[in-house]
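Listed below, chain by chain, are the residues.
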Amino acid sequence: MSELTGAQILIECWKKEDVKVIFGYPGAATIDVHHYLMTSGLRFVLTRHEQAAVHAAEGYARATGRPGITLVTSGPGATNTVTGLAGANLDSTPILVFSGQVSRMMIGNDAFQEIDIVGITRSITKHNYLVRDTGSLARIVKEAFFIAQSGRPGAVLVDLPKDVLTGTAEFKYPGKIKLQAYQPHLKPHPKQVAKAAELLLSAQKPVLYAGGGVIMSGASEKLLTLAECLHIPVTNTLMGLGGFPGTHPLFLGMLGVHGLYQANRAVQEADLLVTVGARFDDRVTGRLDQFATKAKIIQIDVDPTSIHKRVNTDVPLVADAHQALSAILNLLGKYPNYDRTARRIWLNRIAAWQKEGALEDGPVSTSPAGIKLISPQTVIKTLYEKTKALTPIITTEVGQHQMWTAQYFLHDQPRHFISSGGLGVMGFGLPAAIGVQIARPEALVIDITGDGSILMNIQELVTIVEEKLPIKIVIINNGCLGMVRQWQELFYNRRYSATLLGQGPDFVKLAEAFGAQGFRATRLDEVAPIIEKALTISGPVIIEFIVDQSALVYPMVPAGSSISEMLPYSANPSDN
Amino acid sequence: MENKNTQRRTLSLLVDNEPGVLARVTGLISGRGFNIESLSVAETRDPQISLITIIISSSSQFIEQIIKQLRKLINIIKVIDLTEDDYVEKQLVLVKVKTNPANRTEIRSLCEIFKGKILDVSPKTYTMEFTGNEKKIRNILTLLDEFGVEEQVSTGLTAMSRTRVYKHERK
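If you read the protein sequences in the order shown, they are chains A and B.
Numbering follows the working numbering, in which position 121 of the first sequence is assigned residue number 121; successive positions increment by one, without gaps.
Numbering follows the working numbering, in which position 59 of the second sequence is assigned residue number 59; successive positions increment by one, without gaps.
Honestly, I wouldn't trust all of these hints.
[Claimed, not checked] With the Cβ distance kept under 7 Å, some of the chain B side facing chain A (calculated, not the full set): (1) 27; (2) 29; (3) 135.
[As the list claims (entries may be wrong)] In silico DSS-like pairs for lysine-lysine, Cα to Cα no more than 30 Å straight-line: (4) A:294 to A:20; (5) B:78 to A:191; (6) A:294 to B:68; (7) B:78 to A:309; (8) A:388 to A:533.
Hints in this document: simulated from the structure, not taken from any laboratory.
Glycine included, C-beta positions come from ideal geometry on N, C-alpha and C.
Pulled out of the complex, with its shape left as it was, chain A reads as follows (with noise of 0.2 Å):
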């Protein structure tokens, strides 16, 4: 068999892993893989940061559930990848991210664009790899994928030596591999199964506390199940999201520091709370020692880091979420036994919170003109009430116009709420969404965002526009950084420092400058038409909405309190 160069070898592990698209931005040091990439038949696109590369693979990963790829060259195109990487994997993404590297003689030698990507991003990946040979190439890809989605995912990256991809060898990918040191448990243990089905059967109380890995492991059908024939409420991390239908009855909302009212109450006062691929995130919990006192914990965690790390755990099951609710699901039956009359009372309890938690649609008021103001509640309220019938795929940044649409926007599908978690990444959004309508051509895609965070990634509107993606971006424009003004407003003495942005850009003319459609809404009644209006266009649109910026988000756990002590609607502390 003749020999392939790295280059050449690269791409064919890439084909093998049936990979379609890749995001990057091309360097001397992968000058050889684009060289081949141009008539390989995968599709390369061109972002205009490298950061955007990683965001829209995880789009694209978090889409489909298939890795996301990133191609970067060395030396700056590698640092640029480190936010990426780090939010991917603090959010259990799948994606791989190939960097170019100087020649192996020249490693060591502060060369040009030479950075040592491996040691940086040690600790922000799941794993990384240094090819020193072109020989062990293929092994290292393949690891690098089946480690990317096995297990708990994550993020991996493998440096790539310029000499590397330019040298030879034969390709022979291999099959299956196993690594000694690397076996993901993924089936739970029948005694742990048992133990939880029968906490299950006696509790009076139970609330679902399910996070991603039910998103990640496929199991919102098995969740779903589980929640419907025991009647137990479900509360949702930010991650966990559209795993459980956003307008089921049994559905309690978002919990946590901007967590429902509702949805908090009854975490509170849970005899048992199951937890199904989440990790106790301190935006969960807030006061620790505080949280969920009166609970028994069940927890299912692919990972077992995951579990003792922040509560301790009553009956803790490490697995895979699918696997583990389906053994639990099995072992309950079709008809359990449980106390109807107590779950009765327990759901009357929680429909009583509901009504008093309802959620509210933000500050009403009028401009010295006389003019209505927007509450940016009502937008995405209205958003949500005009595209629903389309299951868009939301993506968003960071701050207020993320949790309102966490709180607002209601998702019936996994996979259809795609925001930066672990990490919180201003600037996630947009390129976000360029991987998520690459993967779904056909799906209506929206980042929602803030005036702050939509400028940290503006450049991807040349992108999207040469791409000819057809998002729709929702610019909630308070003409502030509101998350931080609002601890400002509530906990700092009102000094805006450094906060307040003024009147920034004319997003709608610069929509226009990229080659994009732009709009922009000031009044109340110009709401609801400028979203239909943007519906009917094909190509991508800006849509701006100038809002009040006085609303904030409600309800709200002030940091270091309980989650019993949320600062409901009314906590408007310039009513004290």
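Here the structure of chain A is known, so what remains is to put chain B in place on it, guided by the hints.
Below, chain B without anything else, positioned relative to chain A:
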């Protein structure tokens, strides 16, 4: 982050003998703000596998988390917490002590009592080697301090279970 629940634990790590693996281990511990008290690394009988002996002191909850995180590293084959077993641990220390004609005999007999070796003799110093567990090493060094220690170097501790057998070769 030290507290009253602090424990001293001896961990034995079987790892792939590859560049960067030690950095993964130490990075994982230092990234959480903890200090490694002692470290020793060497190849096993299987040249593809290295053994790292590591001693850390912290709360048991933290160490449990560290052990789980170490197990999660792709290049770590096995993490053994020797503290749970009956085990022996040893380190080697080289020490250069000031001598004069009056005290040489006394130093030599100390060396003998502690089963040490005199490696080098100069007109004004003895260079000696001792092996033992932390306590023994501490004791001999305290005694030698009386004579004046010029220089002292030490390896990390290495450890082995007394009864249990851990295979260090690939299956």
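Hints, one by one, checked against the model:
1. Taken as an interface hint, residue 27 of chain B checks out: its beta carbon lies about 6 Å from the nearest beta carbon of chain A, inside 7 Å.
2. Hint on residue 29 of chain B is violated. Least Cβ distance to chain A is approximately 11 Å, over the 7 Å limit.
3. Here the hint on residue 135 of chain B is broken, as its CB sits about 33 Å from the closest CB of chain A, past 7 Å.
4. For the suggested pair residue 294 of chain A and residue 20 of chain A, the alpha carbons sit about 49 Å apart, so the restraint of at most 30 Å is broken.
5. Restraint check for residue 78 of chain B and residue 191 of chain A: the C-alpha separation of about 25 Å stays at or below 30 Å, so the hint holds.
6. For the hint linking residue 294 of chain A to residue 68 of chain B, the alpha-carbon distance of about 28 Å falls within 30 Å, and the restraint holds.
7. Straight-line distance between C-alpha atoms of residue 78 of chain B and residue 309 of chain A comes to about 20 Å, which keeps the hinted pair within the 30 Å bound.
8. For a cut-off of 30 Å, the pair hint linking residue 388 of chain A to residue 533 of chain A stands: about 16 Å separates their Cα positions.
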